[in-house]
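There are 2 protein chains.
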Amino acid sequence: MSTIIKITRSRGRPAKDQAEYAEIYDRLVNDGVALLTEKGFASTKIDEVVKKSGVPKGSFYAYFDSKEAFGLKLIDHYAQYFVLKLDKCYGNTHRTPLERISDFMQEAREGMARFDFRRGCLVGNLGQEMAVLPGAYRQRLIDVFSEWQAKTEACLRSAQEAGEIDREIDCANKAEAFWIGWEGAILRAKLSRSAGPIDRYSKDFLDGLKPRSSI
Amino acid sequence: MSTIIKITRSRGRPAKDQAEYAEIYDRLVNDGVALLTEKGFASTKIDEVVKKSGVPKGSFYAYFDSKEAFGLKLIDHYAQYFVLKLDKCYGNTHRTPLERISDFMQEAREGMARFDFRRGCLVGNLGQEMAVLPGAYRQRLIDVFSEWQAKTEACLRSAQEAGEIDREIDCANKAEAFWIGWEGAILRAKLSRSAGPIDRYSKDFLDGLKPRSSI
Chain A
2 MSTIIKITRS RGRPAKDQAE YAEIYDRLVN DGVALLTEKG FASTKIDEVV
52 KKSGVPKGSF YAYFDSKEAF GLKLIDHYAQ YFVLKLDKCY GNTHRTPLER
102 ISDFMQEARE GMARFDFRRG CLVGNLGQEM AVLPGAYRQR LIDVFSEWQA
152 KTEACLRSAQ EAGEIDREID CANKAEAFWI GWEGAILRAK LSRSAGPIDR
202 YSKDFLDGLK PRSSI
Chain B
2 MSTIIKITRS RGRPAKDQAE YAEIYDRLVN DGVALLTEKG FASTKIDEVV
52 KKSGVPKGSF YAYFDSKEAF GLKLIDHYAQ YFVLKLDKCY GNTHRTPLER
102 ISDFMQEARE GMARFDFRRG CLVGNLGQEM AVLPGAYRQR LIDVFSEWQA
152 KTEACLRSAQ EAGEIDREID CANKAEAFWI GWEGAILRAK LSRSAGPIDR
202 YSKDFLDGLK PRSSI
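Residue numbers (our numbering), protein chains in the order written: chain A, 2 to 216; chain B, 2 to 216.
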């Protein structure tokens, strides 16, 4: 359906229409992420998305076949955005590997503060709602966590090689534990609408990495 | 409204009616907790609760003024049930303080396994949904976490006095960090529908308590 509309439109003023199509698409995705990170999937109605985006409801279905397809697109979009954020932090060679991990937590904290701790993590929100989500989301969400964990594991490994963290730490397990707990920190920051839980969790995590011999 | 109905009923067959009233009340609360721990607040409709409980919808409002009042009752009920669970584990003098903490995690894990990892923690679920919940829930949920944390802190302190955990650990901070991360573990267990995340988090938490000098 979306293909037909695209073709029809492109017969008219192709360049402008294509740009407009892309612009509306991006707006729907960005507004969808904003709403879902705040309210979750079940509580976000398509009516609300199109209202926020200033798009007629009928047009929504020219872009997405269903709310399910829309949600899956939002997961992909959010996962990609987050991977860029992780790569930026973990790939910053001006900082030591351990500082990079700390930088990521700090950056995520600032990201939440910008929205007054109302918006959480899309992937965490959806994980919590799994019982009422389309079944296809489960594996996709698990895969997203795996990807983030692999990146954190690699950074922890670099920190270990640099002697910044205890040499006995199993970096794969630690990265998994980090992401498990991190989603709890985001949840609690939303609940208390403050950075407190993120700060507490971050400090506890970093303390737990310290080389035992240095103490 | 509920008072009037209670009085009216008690004029008839008081003992039986009162027992019936209490029985239906308990059923609504238990079924409400079951639905909310699985699906969250927003996705659970009163229609579904009364259907599960086998109660006419009109009767629901003889017990609770609104969905908001019902939800608040469920939080109280769940918090109370959980405090009993914590007291049972943490107060078990046949086990060392550290074993008691481990026992709690094991018992919670088994509780989730019984429902095939479909049901999470009511308080965590609601925390995640805070953006769409009645404002009054926020402080109540924060207070529930504070109560659980205080109990865990006391048990950690006993473990510290017994020399089971590192003497440098700040038990208040550690108990807070535990509950922050624990909700993440429950969330991830629901997502993966497996005990894996709980086991990973539990092991990581217990490893982080070990006396440093013993290593």
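Take the hints with a grain of salt, since some may be wrong.
[Stated by the list, open to error] A few chain B residues facing chain A, derived, Cβ under 10 Å: (1) Lys74; (2) His78; (3) Ala80; (4) Gly128; (5) Gln129; (6) Ile143; (7) Phe146; (8) Ile199; (9) Lys204; (10) Arg213.
[What the hints assert, rightly or not] Derived Cβ-Cβ restraints for the label pairs, each shown as a range: (11) Gly112(B) with Arg213(A): 33 to 39 Å; (12) Lys58(B) with Pro135(A): 27 to 33 Å; (13) Ala20(A) with Ser195(B): 29 to 35 Å; (14) Arg141(B) with Ile143(A): 27 to 33 Å; (15) Ala151(B) with Gly59(A): 41 to 47 Å; (16) Ser195(B) with Glu169(A): 23 to 29 Å; (17) Arg115(A) with Arg141(B): 38 to 44 Å; (18) Gly112(B) with Pro135(A): 25 to 31 Å; (19) Ile143(A) with Ala137(B): 33 to 39 Å; (20) Pro135(A) with Asn93(B): 26 to 32 Å; (21) His78(B) with Arg213(A): 42 to 48 Å; (22) Ile143(B) with Asp27(A): 35 to 41 Å; (23) Lys46(A) with Arg119(B): 21 to 27 Å; (24) Pro212(B) with Lys68(A): 51 to 57 Å.
[As the list claims (entries may be wrong)] Over 10 Å on every C-beta distance to chain A, these chain B residues come out as not near it, computed from the model: (25) Arg139; (26) Glu177; (27) Tyr202.
Honestly, the hints are just simulated from the structure, not real lab data. Even for Gly, the Cβ is constructed at its ideal location relative to N, Cα and C.
Verification of the supplied hints:
no., hint, in the structure
1, Lys74, "19 Å, violated"
2, His78, "19 Å, violated"
3, Ala80, "14 Å, violated"
4, Gly128, "4 Å, holds"
5, Gln129, "4 Å, holds"
6, Ile143, "6 Å, holds"
7, Phe146, "7 Å, holds"
8, Ile199, "9 Å, holds"
9, Lys204, "8 Å, holds"
10, Arg213, "5 Å, holds"
11, Gly112(B) with Arg213(A): 33 to 39 Å, "34 Å, holds"
12, Lys58(B) with Pro135(A): 27 to 33 Å, "28 Å, holds"
13, Ala20(A) with Ser195(B): 29 to 35 Å, "46 Å, violated"
14, Arg141(B) with Ile143(A): 27 to 33 Å, "32 Å, holds"
15, Ala151(B) with Gly59(A): 41 to 47 Å, "54 Å, violated"
16, Ser195(B) with Glu169(A): 23 to 29 Å, "27 Å, holds"
17, Arg115(A) with Arg141(B): 38 to 44 Å, "27 Å, violated"
18, Gly112(B) with Pro135(A): 25 to 31 Å, "27 Å, holds"
19, Ile143(A) with Ala137(B): 33 to 39 Å, "35 Å, holds"
20, Pro135(A) with Asn93(B): 26 to 32 Å, "43 Å, violated"
21, His78(B) with Arg213(A): 42 to 48 Å, "44 Å, holds"
22, Ile143(B) with Asp27(A): 35 to 41 Å, "37 Å, holds"
23, Lys46(A) with Arg119(B): 21 to 27 Å, "25 Å, holds"
24, Pro212(B) with Lys68(A): 51 to 57 Å, "52 Å, holds"
25, Arg139, "7 Å, violated"
26, Glu177, "5 Å, violated"
27, Tyr202, "5 Å, violated"
Comparing the model with each earlier hint shows violations of hints 1, 2, 3, 13, 15, 17, 20, 25, 26 and 27; every other hint is respected.
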